[in-house]
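**Q** Each chain, letter by letter, is given below.
Number of protein chains: 2
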Amino acid sequence: MQAWKTYQDQHQERFLEELKDLLRIPSISSDSTHQTDMQTCAEAVKKSLLDAGVSKADIYPTAGHPVVYGEKIVDPAKPTILVYGHYDVQPVDPLDLWHTPPFEPTIRNGMIFARGSADDKGQFFMHVKALELMNQSGTLPCNIKFIIEGEEEIGSPSLGAFVSAHKDLLKADVILISDTSMISLETPSIEIGVRGLAYIQVEVTGPNRDLHSGVYGGAVANPVTVLAQMIASCHDENNHITIPGFYNDVLESSAEDRKKMAAAPFNEKEYMRDLGVKSLWGEKGFTTNERTGIRPTLELNGIWGGFQGEGSKTVLPSKASAKISARLVPNQRAGKMTELLLNYFKKIAPPSVSVQCFELHGGEPYMTPLDSLAYKAAEKAIEASFGKKPVPQRGGGSIPICSLLEKELGIKIVFMGFGLDSDNLHSPNEKYDIANFYKGIETIPYFHQYFAEESQKKS
Amino acid sequence: MQAWKTYQDQHQERFLEELKDLLRIPSISSDSTHQTDMQTCAEAVKKSLLDAGVSKADIYPTAGHPVVYGEKIVDPAKPTILVYGHYDVQPVDPLDLWHTPPFEPTIRNGMIFARGSADDKGQFFMHVKALELMNQSGTLPCNIKFIIEGEEEIGSPSLGAFVSAHKDLLKADVILISDTSMISLETPSIEIGVRGLAYIQVEVTGPNRDLHSGVYGGAVANPVTVLAQMIASCHDENNHITIPGFYNDVLESSAEDRKKMAAAPFNEKEYMRDLGVKSLWGEKGFTTNERTGIRPTLELNGIWGGFQGEGSKTVLPSKASAKISARLVPNQRAGKMTELLLNYFKKIAPPSVSVQCFELHGGEPYMTPLDSLAYKAAEKAIEASFGKKPVPQRGGGSIPICSLLEKELGIKIVFMGFGLDSDNLHSPNEKYDIANFYKGIETIPYFHQYFAEESQKKS
Chain R
0 MQAWKTYQDQ HQERFLEELK DLLRIPSISS DSTHQTDMQT CAEAVKKSLL DAGVSKADIY
60 PTAGHPVVYG EKIVDPAKPT ILVYGHYDVQ PVDPLDLWHT PPFEPTIRNG MIFARGSADD
120 KGQFFMHVKA LELMNQSGTL PCNIKFIIEG EEEIGSPSLG AFVSAHKDLL KADVILISDT
180 SMISLETPSI EIGVRGLAYI QVEVTGPNRD LHSGVYGGAV ANPVTVLAQM IASCHDENNH
240 ITIPGFYNDV LESSAEDRKK MAAAPFNEKE YMRDLGVKSL WGEKGFTTNE RTGIRPTLEL
300 NGIWGGFQGE GSKTVLPSKA SAKISARLVP NQRAGKMTEL LLNYFKKIAP PSVSVQCFEL
360 HGGEPYMTPL DSLAYKAAEK AIEASFGKKP VPQRGGGSIP ICSLLEKELG IKIVFMGFGL
420 DSDNLHSPNE KYDIANFYKG IETIPYFHQY FAEESQKKS
Chain S
0 MQAWKTYQDQ HQERFLEELK DLLRIPSISS DSTHQTDMQT CAEAVKKSLL DAGVSKADIY
60 PTAGHPVVYG EKIVDPAKPT ILVYGHYDVQ PVDPLDLWHT PPFEPTIRNG MIFARGSADD
120 KGQFFMHVKA LELMNQSGTL PCNIKFIIEG EEEIGSPSLG AFVSAHKDLL KADVILISDT
180 SMISLETPSI EIGVRGLAYI QVEVTGPNRD LHSGVYGGAV ANPVTVLAQM IASCHDENNH
240 ITIPGFYNDV LESSAEDRKK MAAAPFNEKE YMRDLGVKSL WGEKGFTTNE RTGIRPTLEL
300 NGIWGGFQGE GSKTVLPSKA SAKISARLVP NQRAGKMTEL LLNYFKKIAP PSVSVQCFEL
360 HGGEPYMTPL DSLAYKAAEK AIEASFGKKP VPQRGGGSIP ICSLLEKELG IKIVFMGFGL
420 DSDNLHSPNE KYDIANFYKG IETIPYFHQY FAEESQKKS
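Chains as they are written, first to last, in numbering that gives the first Met the number 0: chain R, 0 to 458; chain S, 0 to 458.
These are computed hints drawn from the structure, not numbers from a lab.
You may find that some hints are simply not true.
One copy or any two copies: either way a pair holds, since identical chains are not told apart in the list.
Dumping the calculated DSS-like pairs for lysine-lysine here, alpha-carbon to alpha-carbon at most 27 Å [unchecked claim]: (1) Lys277 x Lys346; (2) Lys277 x Lys345; (3) Lys345 x Lys268; (4) Lys375 x Lys45; (5) Lys335 x Lys457; (6) Lys277 x Lys387; (7) Lys258 x Lys4; (8) Lys277 x Lys411; (9) Lys268 x Lys456; (10) Lys268 x Lys346; (11) Lys406 x Lys277; (12) Lys388 x Lys19.
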């Protein structure tokens, strides 16, 4: 048995308790009332890094929430792994659907329930604990750096400036990110791509005040109706997106790639049962895995306008708003697609209303090359700890900072995610399986070992 | 000068103060947290009737909010006028758009701002004060009865049972209602019809929980998108309602009637400026006054689903809901139209979601015959106090109890409304012009006088 595994077996219950402490901090980055919690969480992350054995750790203020940096340089000649993660979490509403409070971590059926348990506190914390066990067992084959930010869930607005101001500090050979999922512990997989994101808000204003729907109904455009018509215009009967130019830059997958993808295990009935739906939905001509992996999409994330209370109010609302986001695939670009969306909604607005649109956040799609050192090391690490070669998979989510990090630092990214699609990310009752948490901690030192070996082979 | 007018001139400032006291009670019938305020308000109405000179007044409990009844029988041989009004008010949200608090009546530029000032406290209270001045000046030509209910804004669910249990108590020769508007003090008008209402809620449920829009986006039907598509399907490019059967029972107005209607003064530019819109909207082939008067409509009163907070949340919502209401015209029936709407939304739901619909409230359209005694008396009363014959007009709003009252009591209704379309009914900054309040009080005794005369002529 590996030396680090022995250490892990002796200490991993404490690791779980430490994770629970981190999960108790309500670090919701999008909500300005949680400003103090963000600082508290950054300090807790810094302390955890120091406890795990980094030789230095700092909190860097930014224009938004702070970035936590830490490093352990074993030998400048050895390869360096830069671990990226985020300590901020999504909002928790609708709160009444949580079975236990989102910031009181609760263990049920071998899973830990809390906002941030899988996304991403529970996942970046595996790297902190992996450092501790490599450090304590004297098995640190690479240098390690950490950059744990507090704005991932709001599109990382301050990270670009930070990275570009600290290129030397962040110098590394690979970026390792655990913020994605795998198929299951029985079928380990590696995400080789994440989708990009273009997220906007559309606001439709009709009359200058809420009106009596009887006195004015029928003579004045209703902004809710108009917004609904605008939204309905975005898809055709095959659920193909009809916004002109939407698919222009999509790199179509080859028949061979699609065939490989189709080999991944997928049980449609189980998928539907888990979601409680009677039938699936999506772009005609593509499978479910393709719809969430290689195809761009347009989702309504929220809508509101007029009277939403108990009972009835006969009002013709002054305003209706929606949050709308597109998931992007190579070679779509977030900036261009955001412009495309903004222009579309402005253009189709009828003269009876005024429409204001603005960007909320965006991020580029990203692909890990299968022939990279980093991918090979990740593949071997998972094979070593799981006893099975992982399946490469395209992920549906977005990690907007990927192309930023690659561009600024000139290095490749590998995703080693240990979450599951059923973790309720961004939803009530987010959870992380404790077995996955432990398995991740065990696997990470293998990655360090194989990455050192692969790097040596190459040089 | 009429005796009552002299009394009014001496006392009307006190009348305004008394109205303010009534407006301070937040009697929102749709909100169960205002239960106590409803009782308080009913008691205040009863006291105002006793102070004005009714010989008896009672509060009748119902399954919902209480009904206030009062009467002054001068002589059983004289005709009896039954005044209907309501002491309940609409909700006040969005509260931040009010310039002064909705339940702190404030006078600015000759107008009294408060929720309920025009709809309907300020209007039914004119009848209370008119009774006082007829009583005090010894000029009561008719018997008078009052029925002031507390559930008009929620569809009067308890009034039917009350009326049908108290037919003898409510026996009268005409029902007089001040809960509508006129064109202006310079162009007085009488509403000869009100539209009916069929108000429903539609709830679309997709997955059993909010999902991550990246992990699942593109593969699972988004309930906001589906709801938007359902709403968009209700109108065609001419803003004609496309729900099958929607117009089946509409009694088309004759070319002659439409010509008469077109003679009413209407300034489209001023109308648009007041509403802050660049162009009007509506069913092709009809004028604005026709669209709000003789045509049925379909309005979105509210919509909500998914994330509505600050910033962005990449969620694929589990549920989206809307409040939808149709205004009805003769001979559409509320029950049938409600069924039509409920069935439509259930029927068009795609299999990827489940749809639940239910009725919120409804009411029948109503027309006052122009050759009725009551209409003639109202016409003469307005001519006497305004010096001008009123224009007959079709109103856009709904007073759902009209056809109920007519059916149960077997008598006609006449609308003598003194509000203005610009009173912001159901909106922030509801107001009532003090001049209209005073003019209404002055006009009502004329109605009593002419109704007595017309009744005598007939018999």
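**Q** Taking the hints in turn, state whether each one holds.
**A** Against the structure, the hints:
no.	hint	verdict
1	Lys277 x Lys346	between (36 Å within a copy, 16 Å between copies)
2	Lys277 x Lys345	between (35 Å within a copy, 15 Å between copies)
3	Lys345 x Lys268	between (40 Å within a copy, 25 Å between copies)
4	Lys375 x Lys45	neither (31 Å within a copy, 84 Å between copies)
5	Lys335 x Lys457	neither (38 Å within a copy, 78 Å between copies)
6	Lys277 x Lys387	neither (34 Å within a copy, 65 Å between copies)
7	Lys258 x Lys4	neither (38 Å within a copy, 91 Å between copies)
8	Lys277 x Lys411	neither (41 Å within a copy, 53 Å between copies)
9	Lys268 x Lys456	neither (45 Å within a copy, 80 Å between copies)
10	Lys268 x Lys346	between (41 Å within a copy, 25 Å between copies)
11	Lys406 x Lys277	neither (43 Å within a copy, 47 Å between copies)
12	Lys388 x Lys19	neither (31 Å within a copy, 78 Å between copies)
Hints 4, 5, 6, 7, 8, 9, 11, 12, counting from the list given before, are not met by this structure.
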